[in-house]
Each structure stands twice: as structure tokens, then as C-alpha cells.
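Engineer: Sequence:
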Amino acid sequence: MSTDRPVGELLREWRHRRHLSQLDLAIQAGVSSRHVSFVETGRTIPSRPMVLHLAEQLQVPLRERNRLLVAAGHAPVFQKRPLDAPDLAAAREALQQIVRGHEPNPALVVDNCWNLIFANSAAEVFLDGVAPELLEPPVNMMRLGLHPDGFASRLLNLEQVRGFLLPRLARQVQRTGNHQLSELYAELVTYGVPHRLAPPDLADIALPIRIRHRGAELSFFNTITTFGAAFDITLEEVAVEAYFPADTPTTLALRDLSRR
211 MSTDRPVGEL
221 LREWRHRRHL
231 SQLDLAIQAG
241 VSSRHVSFVE
251 TGRTIPSRPM
261 VLHLAEQLQV
271 PLRERNRLLV
281 AAGHAPVFQK
291 RPLDAPDLAA
301 AREALQQIVR
311 GHEPNPALVV
321 DNCWNLIFAN
331 SAAEVFLDGV
341 APELLEPPVN
351 MMRLGLHPDG
361 FASRLLNLEQ
371 VRGFLLPRLA
381 RQVQRTGNHQ
391 LSELYAELVT
401 YGVPHRLAPP
411 DLADIALPIR
421 IRHRGAELSF
431 FNTITTFGAA
441 FDITLEEVAV
451 EAYFPADTPT
461 TLALRDLSRR
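In this note's numbering, the protein residues as written are 211 to 470.
Think of the hints as simulated: they come from the structure by calculation, not from any bench.
These numbers were taken from a predicted model, which means no experiment stands behind them.
Cβ coordinates follow ideal geometry from the N, Cα and C atoms, glycine included.
Every clue listed holds true.
Taking CB as the label site, the calculated pair distances span:
1. Glu397 with Glu303: 33 to 39 Å
2. Thr254 with Asp457: 57 to 63 Å
3. Arg378 with Thr254: 36 to 42 Å
4. Glu219 with Ala299: 37 to 43 Å
5. Gly240 with Ala440: 23 to 29 Å
With a straight-line cut-off of 20 Å between C-alpha atoms, the simulated EDC-like cross-links for lysine to aspartate or glutamate are:
6. Lys290 with Glu447
7. Lys290 with Asp442
8. Lys290 with Glu446
9. Lys290 with Glu303
10. Lys290 with Glu274
11. Lys290 with Asp321
12. Lys290 with Glu266
Please work from the sequences and hints to get the whole structure.
Structural biologist: Here you go:
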């Protein structure tokens, strides 16, 4: 791992990203604002504990904390192991249990760029009928949902879903500084004309996802689950997206589909 930018410059960028002044960060971290200033201007090279402490206050992703450490002349401390590595067997099994246990409702595991890692059989309602090229790995669920050849053509409330997902993705880009997400956002905004989020229906408990599937209308709301205290880059970047039926007809339709 290498970096061509000083640690102070990187920390300042993260501080600006979090909309904090030097004084704000100093108070939050329990250090002097002078020390923060010296670190950012390169007059002081922070120790490894100080880099990690400041990164924690700034909620820097683990991947980027390694980058900060390297920029300060220290070795990276956070590992990135593939999800099928033996050391991650327990975490992988936990993810698979969650996804399998959610049937007959759809559930899937995605990485930090919304690329599909694995899914249960019920998630077929989102994959059915999309263009084959969109199913070439890595399958990106954001792209699949908004691309005209994905399942966007089957979304009955596309304008509402698009109006929610694009600002959410923009906030994720701002929060993480992830270039791949930035490129994904730039692509997705070209699929259709931007619309305002339609006023929510007060009868809904959350943003619904209404999709036409084999002649039936299915309505879902979703939740996202992440590891709360991950110390591995891979685990920090994976999430389980679980879909729940928003009405009785959808519940019955999913049960029927699971028996086929």
C-alpha cells in the first residue's frame, strides 16, 4: 500500500468531509487545536496511536485508516481478507444464516459498492428478466435497480425509488470518498431525468418498493444490517439487505413462489 499525499493533508480532507473545524476535532479528540494544526500542516508527524485516534473521531473507514497510517510512515493494521477465508468462516456463516433464514422473503449480501456477493432464492424477483449483460459479475444492485434494462422497467414507483436512492448514494460518496461509488453515481444519474422525491403515502411505514413480477404486484420495504464492530476491511464493507412484504398479497405471493 502506498500513498503520494501527506497524512496531514489526508486528515484535513476528512475533517472537511465531516464539516468540523480544527477546534471541533481537537475538543472531540481531547487534544489541542494547535496539535491538530501542526499535524495538518506537516509540522508534526503523528504517532500510530494518534493517527488511529483521530481517524476514529473522524469516522474514517478502515480501508482509509490504513492509508493514513502509511502516509504517516507506519504499517497498516487492518486486514482485508476474502470472505471465503478460513478466518472469516464464522462471519460468512452468520451472513448465510441471515439470508437463508429470511426466506421466503428476498435477502442479499452486498459490498460497499453495492455489488452482489450472494443472495437467497427469493431474490430472484429482482433478477428475473433483466438484460444478461447486467448479470455479468460483479452484479451491481444499484445499477440493476435503475438501469432501463434492469428491473427499473418493472418498478411501479420508479420515480419515488430513484428520488430516494440517488441522494442516498451521493451522501455515501461524500461520507466515504470512494471513487468507485462516485463513478457509479455519475453513471446512474444519466438513467432518466432527475425527479423530486414524491410525497410519501402516510399509510406506508417506510419507502415502498413496488415491482411487477409475473403478472403480480409485489410491495416491499427493506432494512440494511452491518457488522457493528468489524476490525476487518471486508466485514466492515459488507451489508445484508433484507426485504419484507409491505402488504398481505405480497406475503401470500412470496409463499406461493417459494413452493414452486
